[in-house]
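**Student:** One line per chain: the protein sequences are A and B, in this order. Quick note on my numbering: the first sequence kicks off at 1 and runs consecutively. Quick note on my numbering: the second sequence kicks off at 1 and runs consecutively.
What the hints contain is simulated information worked out from the structure, not anything from laboratory work. Check the hints yourself; a few may be wrong.
[To be verified] Here are the simulated DSSO-like pairs of lysine-lysine, each with C-alpha atoms no more than 30 Å apart in a straight line:
1) K213/B with K328/B
2) K36/A with K328/B
3) K36/A with K213/B
[Claimed, not checked] Quick list of simulated restraints, FRET-style, between CB atoms:
4) T103/B with R288/A: 32 to 42 Å
5) I125/B with V270/A: 18 to 28 Å
6) Y25/B with S116/A: 31 to 41 Å
7) P108/B with D3/A: 23 to 33 Å
8) V6/A with I125/B: 33 to 43 Å
9) W128/B with T176/A: 39 to 49 Å
10) I125/B with T263/A: 37 to 47 Å
11) V191/B with L197/A: 54 to 64 Å
12) R133/B with V270/A: 21 to 31 Å
13) A109/B with V270/A: 33 to 43 Å
14) A217/B with T176/A: 37 to 47 Å
15) D3/A with I180/B: 47 to 57 Å
16) S271/A with T103/B: 22 to 32 Å
The model shown is predicted, which means the values in this text are computed figures rather than measured ones. No residue lacks a Cβ here, since even glycine has one placed at the ideal position from N, Cα and C.
The residues making up each chain are set out below.
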Amino acid sequence: MGDTAVVAGQIFNGISVGSILLLAALGLVLSFGVMKVINMAHGEMLMVGGYLSYLTFHHAHGPLALPAAMLVSFVGATLLGAILDLTIIRHLYGRPLDTLIVTWGISLIFQQGARSLFGAIGVDVTAPQWLQNSISINHGLLAGVDLPYVRLFIIGVALVVLAVVALCIGRTRWGTMLRAVHQDREMAAALGVNTHLIDLAVFALGTGIAGLAGSVLALIAPVTPTVGQSYIVYAFLVVIVGGPGSLIGAALAALCVGLFSATAQIFTSVSLSDVFLLVAVILFIQFRPKGIVATHSRLLEDA
Amino acid sequence: MPKSGTVKIAFQLAILVAAGFAPFYLSSYNLSLLGRFLALCILALGIALIWGWGGMLSLGQGVFFGLGAYSLAMYLKLVGLGPGDLPDFMEWSGLSRLPWWWTVFRNPAVAIAGVIVVPAAAAAILAWLVFHRRVGGIYFALITQALALAFSTLLISEQAYTGGFNGLTDFGALLGFQLIDPKVQRGLFWVTLACLAVALFFLQWLVGTDFGKIVLAIRDGENRIRFLGYNPVPYKVVVFAIGGALAGISGALYMLHAGVISPAMVGVVPSIEMIVWVAVGGRESLVGAILGTLLVNFGKDWISSAIPSLWLFVIGLLFVIVVTVVPKGLSGLWGEPVRNWVAVKIFRISPIRHALVVTEPLNNIAVEKMTSAASDAPGPEHRERLDEA
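Input sequences plus hints: build the corresponding full structure.
**Tutor:** Next comes the structure, spelled out in structure tokens:
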């Protein structure tokens, strides 16, 4: 396998990791941008999605099992997010650091719950037959590069979700109201937008997408009680780099983070690439403290 | 009020003396637990300073705890080794020479200074990098958490240099004292208690100085402080460095009591557990931070020895309940509501008289309410003009 092929393979890995990060970070970006809420239990929504997907595959077979699992994960995580927002998040409005701590407490409860229900060792989901092949390149410069269908499928899902969310925000009436709340909450409320309902929708949609991410992630990695935690820190780095409340920023940042750690792994170990990633993010905010896509605002007190 | 201040200090000294006699009435198991937890209290004081007074939430205090602990532990691994010898784990990993940054810690003075200087410097650099670009508090919390993750994975993966997942243990003698000797353990308890007392009195003094007031003002209105001509960045950096140094001291003492330091004590989860101690005790109270730390840790010891799987549920619920219901922690509970209730119901002081005399008339909330009410209502000039019209 030539050097070019190694690099190309890692770039492909980077893009596929980036697309999972994008799915995981999308909800965070939305809820942080609109509600100024940092949801530390977001990773656990991913985990819940994974387990729901596992349960669905346990009961359903055939070609429709995968779409069914994705749907179940999405709906389940959405409902869970809605319950969380109604019972807890809502009461902490305007106290971002406190929400951070409370949601962390929730995440610990979820993790221990999963451990009690499913055991500390992960459960496996077998990808359907049609996703188990891969495209192998045998000739030319890129000989030896392997493109598994599963990873291509995940990239596709991430792109579709991004497009749907962008359309919802950019083209629908709900999206307009959401943007209004994002720009000026009090003004939007004064004009008759039900901000509580928008918050609920944003939060539940965000957790739903995380659940969806969990269900597709289950195809390539075992679902464990701590699977959420291993993704959440990177998802937060994506939010920092991308800038809150910007979809394009999030997409670019997820791609950057995924590519950065994948290419760093060519030269160093996995753990050192983590350290380099953090250093890179800290250096990055020296130049663009508000992320790749800074939302321009004349407000002095910004998050 | 000098009188209540004297009472307070006398009370604290009395508790200190009572704790000082603990080696004579506690079993050696409980004494060892108390020693460890008192060491952790020093770190909690640091969190109370940077979070309660400075308004900066750090989810990576475990990193500074670890830096302090590893600094001293490296010395303890090297002590008693010949010039060409290597610590056991390095030999297992096939290293032939001691790395240069290990040799520095052969000197006990360097190692003990390192306990304070290394974490303080790391904290100062991080805080400066984040705050001089006016990056917000939430980003700071997330970055410190990423730091905790990176630090613990680094420790685990670089096994040849750090002892990996097992950490550093099986130590030599500290300045000639064997750590397993019961007498040395007792001495260590007193050293820990003394360090905690010094840290507490230092911070109580610090928050009363002009420096402390500006730190508090930055927490409540950073931009107003900028408009008044102060640069908040050095204040935040110094506060965070003090918190880092306290965490380092705490880590070194804890490591001496436990006889081991490993990545499991410095990662993301332990770092955030440290926040719970302070949240339970009350972030705006130094004594509260100590009490919260002791309470949560003894509770953890008790619960996890009885029903191990229950602990994460309990701590998760603690997070949720404490922050939503009593954001000021237990010490906040012992604030005005309880004192009012005691005064009115037990001492039969009439509520109005009590409100006028006993409670502080201008606390933060009152000022906030007054100012918001004033800005809502039309001002006097405006009202006059309305009258004319």
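**Student:** Could you work out which of the previously given hints the structure breaks and list their numbers from low to high?
**Tutor:** 7 and 10
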